[in-house]
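*Asks:* Sequence:
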Amino acid sequence: MNTKKNSVSVLQVNFDDKKLINKIFEIRNQVFVVEQNVDPSEEYEFEESSIHFLLFEDKTPCTTARYRKTEKGIKLERFAVLKQYRKKGYGNKILKRILEELNDSEDVIYLHAQVQVVDFYQKQGFVKKGDIFSEAGIKHYKMIYQDLLAKRAGNRFFQMVDKVPYNNTKKGQTFTRKSSRR
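The sequence shown begins at 1 in the working numbering and counts up by one.
Treat the hints as calculated values from the structure; they're not laboratory data.
Everything numeric in this text was worked out from a predicted model, so none of it was measured.
Any given hint could turn out to be false.
[Said to hold, decoys possible] Once the Cα atoms are required to be at most 25 Å apart in a straight line, the calculated DSS-like pairs of lysine-lysine come out as:
(1) 5 to 83
(2) 23 to 69
(3) 93 to 19
(4) 59 to 23
Taking the hints into account, I'd like the entire structure generated from these sequences.
*Replies:* As structure tokens, then:
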């Protein structure tokens, strides 16, 4: 029985690094064009304006994703894991790395999730918004990253609480709470 644990790393890839960008394109081509029959003309849009990520198992690139700024916020997209590397948590790892990168963003973070992976994204803090729709011939839901919205709301709440004086009484007065029990 082999108990060797694989080394996993996630790298942000500059679009000018053609060698790694080509690895990303190879993974996406295999997953989207070959496996899911997506038209290649729909697959390779917004490449230069996107921030790309590549996950390696040991030294083998096997998972990719990207994000880009849109009119609606920051869109996470093109999550692709090669078939033989699925069910190893790599989608989760690359998603967490991207969300760490966007932690201080004030923008809405959203994605279009294929129906079969909606549960995965819900477990990561995303919520469905709106009705099912077709994109590249595949059924999707728009999903918003709710955990970040909750964190922001919590931060605003604590900022407001910090502005409220703790001792609301005049000097010399004491505050006594009336019991609601009789």
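*Asks:* All hints, please: hold or fail.
*Replies:* Verification of the supplied hints:
no. : hint     : in the structure
1   : 5 to 83  : holds (19 Å)
2   : 23 to 69 : holds (23 Å)
3   : 93 to 19 : holds (22 Å)
4   : 59 to 23 : holds (12 Å)
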